[in-house]
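K.L.:
Okay, here's what each chain looks like letter by letter:
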Amino acid sequence: MDQDKRDRDAGSGGNPPGDSWVNGLPQGRRWSGIAWSLLFLLVPVLGTATFVIAPYYNHWFPKDVSVHGRSIDDLFYFILVLTGVIFLATELILFWFMWKYDAAASSKPATYIHGSHALEVVWTIIPAATMLFLAIYQMNTWADIKMRRPRMSPSAEVVARQFEWRIRYPGRDETLGTPDDLFIVNDLHVPVDEDFLIQLKSMDVLHSFFLPNLRMKQDAVPGMKQPVWFKATETGTYDIVCAEVCGWGHYKMKGRVTIESRADFDRWLARIEAEQKATQRGPDEIPIAAAD
Amino acid sequence: MSTVTQPHAPSPATAPHDPRAPHDQAVPQRSMSLSTFLSTYVFSKDHKVIGLQFLFSTLVWFLIGGLLALAVRWQVAWPWSDVPVLGKLFAQQGGQMAPEFYTMLFTMHATVMIFLVIIPILAGAFGNFLIPLMIGADDMAFPTLNMLSYWFMWPAFFFFGVSFFVEGGAAAGGWTSYPPLSTSTVSAPGSGMGQTLWLLGLTMVGVSSMLGSVNYMTTIILMRAPGMTMFRLPMTIWAMFITAILQAFALPVLTAAGFMQLTDRLIGTGFFSPEGNIINNAMSGAGGGQPILWQHLFWFYSHPAVYIMILPAMGMVSDILTTFARKPLFGYRPMVYSIAGIAGLGFIVWGHHMFISGMNPALGITFMVATMMIALPSAVKTFNWLGTIWGGRIHYTTAMLFAISFVSMFIIGGLSGIFMAATPVDIFIHDTYFIVAHFHYVLFAGTAMGVWAGIYYWFPKMFGRTMNEFWGKVHFFLTFTFLNGTFFTMHILGAVGFPRRLADAYHYETFHHLQPLNAFMTWCAIGMVTSQIVFAINFFWSMFRGPIAGRNPWNANTLEWTAPSPPGHGNFDFQPVVYRGPYEYSVPGCEKDYLMQTDPPHPAEAAAAAAAHA
Amino acid sequence: MNASAPSIPHGHDDRDAHGHDDHGGGHGHIVLQYQPGLPLSKGKLIMWLFLSTEIMFFAALLGSYVVLRFGAAVWPKPHHVHLSEPIGAFNTFVLICSSVTIVLALEAAKANKVSMAKNWMIATLLLGSLFLGIKGYEYSAKFSHGIYPSQPHSRIYEKPDLYYGSAVRARLDELRKVPLGLVPAGLREAADSSAEAGGTVDLLKRLDEAPAEKLSAEQQTGRGRLQKVQKMLTNPGQQPFDLAVVADQIMPLPSEGTGSHGGHASGLNDAFPWLRLPAVIPGGNMWASTYFLLTGFHAIHVAVGLLVFAILLTYRLDRKRAGMIENAGLYWHFVDLVWIFLFPLLYLF
Ligand code: HEA
Ligand code: HEA
Ligand code: CUA
Ligand SMILES: [Cu+2]
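Residue numbers (my numbering), protein chains in the order written: chain S, 98 to 389; chain X, 2 to 615; chain G, 148 to 496.
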């Protein structure tokens with residue numbers, strides 16, 4: 098026996114001794130084929146289980162309190178089901194082929210086939226149609242959220258800055274940039290059930306204005322004004338997160354958004370106005386992004 | 002040219018198992034002078050040596066990138082607690098990391114993984130080693146250029162490496178390096194010297210890739226063995242070829258953008274800084290520029306780059322699947338066209354990274370449609386892989402397991418791409434761990450698994466010895482299990498909106514209950530990195546002690562298996578002449594279940610072809 | 148002996164001439180033959196591929212230019228920034244000529260006319276250098292107007308606002324800082340031309356203090372204008388309009404109708420270049436950044452080309468070198484082509 102074979106048969110490398118050799122490649126043992134295919138079966142099984150269980154442990158979407166959030170979530174579920182079906186189908190097929198066509202399972206030679214034109218056409222056309230449908234189906238939602246801006250003057254201006262959110266309300270005259278503007282930091286108040294239009298700016302670097310519960314996210318770009326609008330449906334206090342890395346303090350660039358009834362909102366605004374008058378804080382003392 | 006009419010060499014495939022198949026040529030002389038040593042192993046122009054140099058360098062960086070990932074995971078799971086080991090190495094405050102240190106960690110983790118591991122291991126290591134061997138050439142078209150492409154990596158290693166130790170630390174603006182954070186030197190600690198070094202390192206990687214890519218294309222076009230038509234190339238070569246095209250056309254854009262960012266930083270040209278920008282109470286440079294312009298330029302490169310980071314793996318996996326399923330590749334041409342399709346479409350989808358960047362939302366729609374369409378060639382590939390193992394005779398070698406897991410994992414990573422391609426959904430999941438899950442599935446669970454498949458598969462060719470199968474399978478099992486534990490759960494984090502790049506998210510009411518899940522993921526990540534010890538030992542042990550492999554240990558068809566293991570200088574000890582495509586396995590009526598590309602025409606072949614047409 | 152013994156004897160080869168540039172064949176391994184790919188030599192193919200990466204590089208730069216330019220609120224007209232179309236056009240002509248001479252050099256080399264090839268090559272080298280020379284002249288003209296791509300050097304302001312006003316004031320103060328006596332008498336005359344810090348101070352003093360009859364008529368009006376500018380800058384009831392007037396005195400922007408060089412020669416900075424007062428050019432900063440970026444990278448490519456020509460000149464330019472000359476020529480045509488894009492984009496629109 099030559100060195101090569103001996104090395105293989107010794108089991109130190111190569112293959113465990115006792116394998117039957119077919120066409121020169123070790124045939125392997127049936128149990129190992131079974132074990133490996135079962136391991137791959139775990140992918141779809143545990144994968145699906147994870148997604149099913151997670152919501153029960155509250156590891157799922159934060160509560161949605163906006164009008165358009167619903168359509169985003171619905172879209173997410175729609176894609177989840179679609180991709181879920183594809184995921185399960187492909188992974189199960191993979192498992193089945195692994196199980197069935199294990200070289201150790203039968204001595205039948207492999208099928209000699211180079212492909213199938215018909216199949217190629219089918220599995221190009223069907224995904225194409227699916228994707229095209231998906232593309233068209235979602236456009237409306239996108240347009241609602243980012244393109245069909247409500248016709249109103251901004252309800253507030255949010256200026257991002259390392260590492261805080263500077264918020265400005267237009268005050269009684271309902272126009273921004275006038276002396277009666279009201280200034281608050283990191284504390285956004287929003288009346289419920291009303292369109293709310295924010296003018297988003299940044300003073301220094303990129304930030305991203307992320308309201309998880311309102312399913313809203315928009316980068317704040319220095320030198321640009323971004324309109325952000327939404328309609329809240331429920332009262333409560335939620336997080337404002339900065340979702341674009343903006344320096345060492347990115348992680349703590351946290352704000353709060355309070356959604357409240359119109360009456361509460363007006364009362365709060367009046368209180369801020371009173372406080373501001375009392376402390377004589379003029380707009381000059383809070384530098385807001387220089388250029389408009 | 003008279004090449005094709007050559008009298009064909011008796012193919013070595015007729016005796017593939019000959020144990021004494023010569024590895025003589027590669028056995029180094031015992032005593033050699035320093036200059037021979039240098040020209041053989043260090044400044045070698047031999048593509049195989051260069052390939053191995055790339056392999057070793059990138060594996061070392063892989064380890065570094067993995068350790069950086071562990072540090073990232075540590076902070077995410079147990080924020081502000083003492084970091085073991087690494088804490089002593091870097092952070093000052095008694096082992097607890099500072100928030101800017103965390104930003105630096107993930108930036109450099111990604112930089113190392115992408116620019117020093119995945120791109121150079123695919124194109125540099127496998128591309129170099131395999132291209133001449135698989136097409137039947139004696140070397141690359143321009144060996145000197147090839148050597149330079151490796152040596153240009155060293156300045157990059159140096160710049161990235163040294164940046165950890167400069168004032169302010171390494172780059173900390175994310176691997177995407179968005180200005181103005183990255184252009185203004187006052188905006189963050191890592192935006193000082195570290196960022197400049199980062200840009201220089203990136204440029205060097207770019208030069209290296211550019212030199213490599215034009216060389217690969219020239220080699221593949223002009224140096225194929227007689228009879229090796231384009232449509233007889235193995236998928237690995239097709240993938241490398243199209244990857245090279247992608248690199249050649251996408252990289253210069255990043256290089257240009259990198260220069261612009263560099264001048265913004267060094268002399269204040271202001272391409273990416275808007276007018277009147279005030280950072281840290283300091284006025285930034287000239288102004289009048291556009292921050293979003295960088296994003297366009299960056300993603301114009303980096304989206305094609307994500308395909309640069311997976312196409313070669315797809316090619317290798319296709320070859321490995323056919324070998325161990327003992328079956329022709331299902332749909333060879335569709336596979337080729339879909340690689341080309343992915344590459345072509347890859348150039349027009351970059352905007353999907355910028356849906357909420359402030360780019361015109363109408364433009365977002367066009368990018369969304371293009372992105373949806375790029376799922377099609379990927380679908381074709383996936384189904385054809387499934388078709389390939391259907392009806393096969395599957396041998397569960399380690400290489401095969403990694404290859405199958407590539408398919409399985411790529412499906413997961415690709416499907417999560419669909420969520421993000423849907424613009425409205427992306428509003429919510431952009432910059433959350435959903436994205437992190439997506440790209441680790443395609444990059445780590447996909448490409449890295451493909452790389453391992455490639456290592457186990459071509460190891461015999463590289464070193465003349467086979468890796469230990471048992472420990473290989475242990476390595477596979479552990480990696481596969483832990484990687485899913487680490488990354489699958491990230492989808493769930495993403496669904497909660499858990500933001501990426503946050504040093505500590507638990508002070509947000511929305512996220513504070515996610516800590517236990519993160520701790521679980523970190524344990525899995527620790528397990529994953531630890532399992533690599535098995536691999537490292539197996540790798541080095543097998544290099545010297547593994548069972549000696551003949552020329553063709555897997556009974557595979559492609560040209561590299563006709564050469565000695567490892568091949569000597571000039572690769573082939575006979576003139577290879579190619580008679581058929583690379584995937585003629587299990588031809589009915591043929592006495593063995595494979596027909597190498599160099600085997601002379603076989604009567605059974607003609608019969609099988611006639612039967613297929615009938 | 149196993150079956151894989153080489154069956155093609157060493158040296159038996161009828162490969163094509165380009166088959167094997169890099170290995171001398173003396174390595175002791177067999178010489179392989181290849182499937183015909185494209186009818187191109189390796190060198191030429193890789194050159195084309197390299198040029199396609201270059202195309203993408205310049206495409207990125209040009210694309211950025213277009214985006215920045217059309218994204219900008221204002222963009223200066225060529226004459227606002229002292230670009231001279233005739234000079235640019237002449238330079239274009241020079242470069243095109245050099246593209247012709249390199250072709251002639253190639254033809255000569257192919258015909259084995261060594262000395263003629265050499266002469267054409269020298270002509271190309273000279274034309275290329277002339278191009279760079281003219282470019283350098285244009286750059287120095289920019290620099291003398293304070294147009295740099297970046298802030299510390301650049302004296303360009305986007306609009307006549309408060310920042311601008313204080314910059315002018317600062318410059319004037321700086322000019323006045325050093326007392327007259329500190330400039331050694333012997334240096335005073337020399338200072339006229341040098342316009343270095345001490346020298347300019349001196350010049351300003353002299354302009355300020357010299358009796359009217361010692362000044363030329365031109366200097367007298369200049370003094371008057373300078374005083375007017377100063378008064379406006381220090382006027383407590385200063386209006387934004389005043390600063391616009393100041394800017395106009397320092398460097399009036401030529402108005403649309405007045406033809407290419409309408410009026411800017413009449414600015415204070417033009418009358419007394421040593422003043423180096425900040426000027427207002429709307430959009431000028433970004434213009435300067437892009438201008439220097441594009442022309443700078445182009446100039447680097449020209450310089451590399453010249454280097455290649457210089458190296459080629461050390462060889463005997465006979466038929467054997469035709470391939471090299473051809474590749475160098477390809478590159479040179481590409482550099483030329485880039486300029487053909489740059490010229491209209493930067494000078495004409
Ligand atoms: C190898 C790397 C790789 C690959 C192959 C891909 C593949 C894809 N990627 Fe991914 N991507 C990245 C690496 C990669 N990506 C990285 C690194 C980032 C983040 C960068 C950062 O921000 O730091 C990113 C981010 C990213 C985003 C931006 C998200 C955001 O920031 O908000 C998007 C959005 O559209 C996206 C989409 C896609 C799509 C649609 C594909 C498609 O090509 C996938 C196609 C594959 C399939 C669909 C699966 C197989 C097909 C079937 C089983 C058939 C049937 C399927 C259908 C009909 C749906 N990717
Ligand atoms: C190819 C790319 C790649 C790879 C392989 C990885 C691998 C890993 N990544 Fe990485 N990651 C990125 C690319 C990659 N990542 C990118 C682009 C980002 C975004 C950064 C940004 O936001 O800017 C990111 C961000 C990122 C984050 C998010 C940070 C944040 O946003 O706050 C996290 C968190 O868990 C993470 C974790 C991990 C883990 C646990 C691994 C593990 O899989 C690591 C496992 C490592 C090993 C298994 C090492 C193996 C070693 C060997 C095999 C060597 C053997 C040695 C010899 C033989 C000599 N990564
Ligand atoms: Cu602001 Cu991150
Ligand atoms: Cu992408």
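By construction, these hints were calculated from the structure, which means they are not laboratory data. Treat the hints with care, since some could be wrong.
[Unchecked claim] From chain S, some residues computed to sit far from chain X (all C-beta separations above 10 angstroms):
id : residue
1  : L172
2  : A232
3  : D277
4  : K314
5  : A360
6  : R368
[Stated by the list, open to error] Computed footprint of chain G on chain X, listed as stretches where at least three residues anywhere in the stretch have a Cβ under 8 angstroms from a Cβ of chain G:
id : stretch
7  : 163-173
8  : 220-233
9  : 430-438
C-beta: ideal position from N, C-alpha, C; glycine also.
K.L.:
Work down the list of hints and note, for each, if the structure agrees.
P.N.:
Tested hints:
Its closest Cβ contact with chain X, about 5 angstroms, brings L172 of chain S to no more than 10 angstroms, contrary to its assignment away from the interface. Non-interface call for A232 of chain S relative to chain X: violated, since the shortest CB-CB distance, roughly 5 angstroms, does not exceed 10 angstroms. Distance check on D277 of chain S: its Cβ is at least 25 angstroms (rounded) from any Cβ of chain X, clearing the 10 angstroms threshold; non-interface status holds. Its beta-carbon lying about 5 angstroms from the closest one in chain X, K314 of chain S breaks the requirement of being farther than 10 angstroms from that chain.
A cut-off of 10 angstroms between C-beta atoms confirms that A360 of chain S is not in contact with chain X; the least separation is 25 angstroms. At roughly 24 angstroms from the closest C-beta of chain X, the C-beta of R368 of chain S stays outside 10 angstroms, upholding its exclusion from the interface. Under a criterion of three residues with beta carbons nearer than 8 angstroms to beta carbons of chain G, the stated coverage of the stretch 163-173 of chain X fails, only 0 such residues being counted. For the stretch 220-233 of chain X, the assignment as covered by chain G holds, since 9 residues bring a beta-carbon within under 8 angstroms of that chain's beta-carbons and 3 suffice.
Check on the stretch 430-438 of chain X: 0 of its residues sit with their Cβ under 8 angstroms from a Cβ of chain G, so the three-residue criterion for coverage is violated.
Going through the hint list in order, the structure does not satisfy hints 1, 2, 4, 7, 9.
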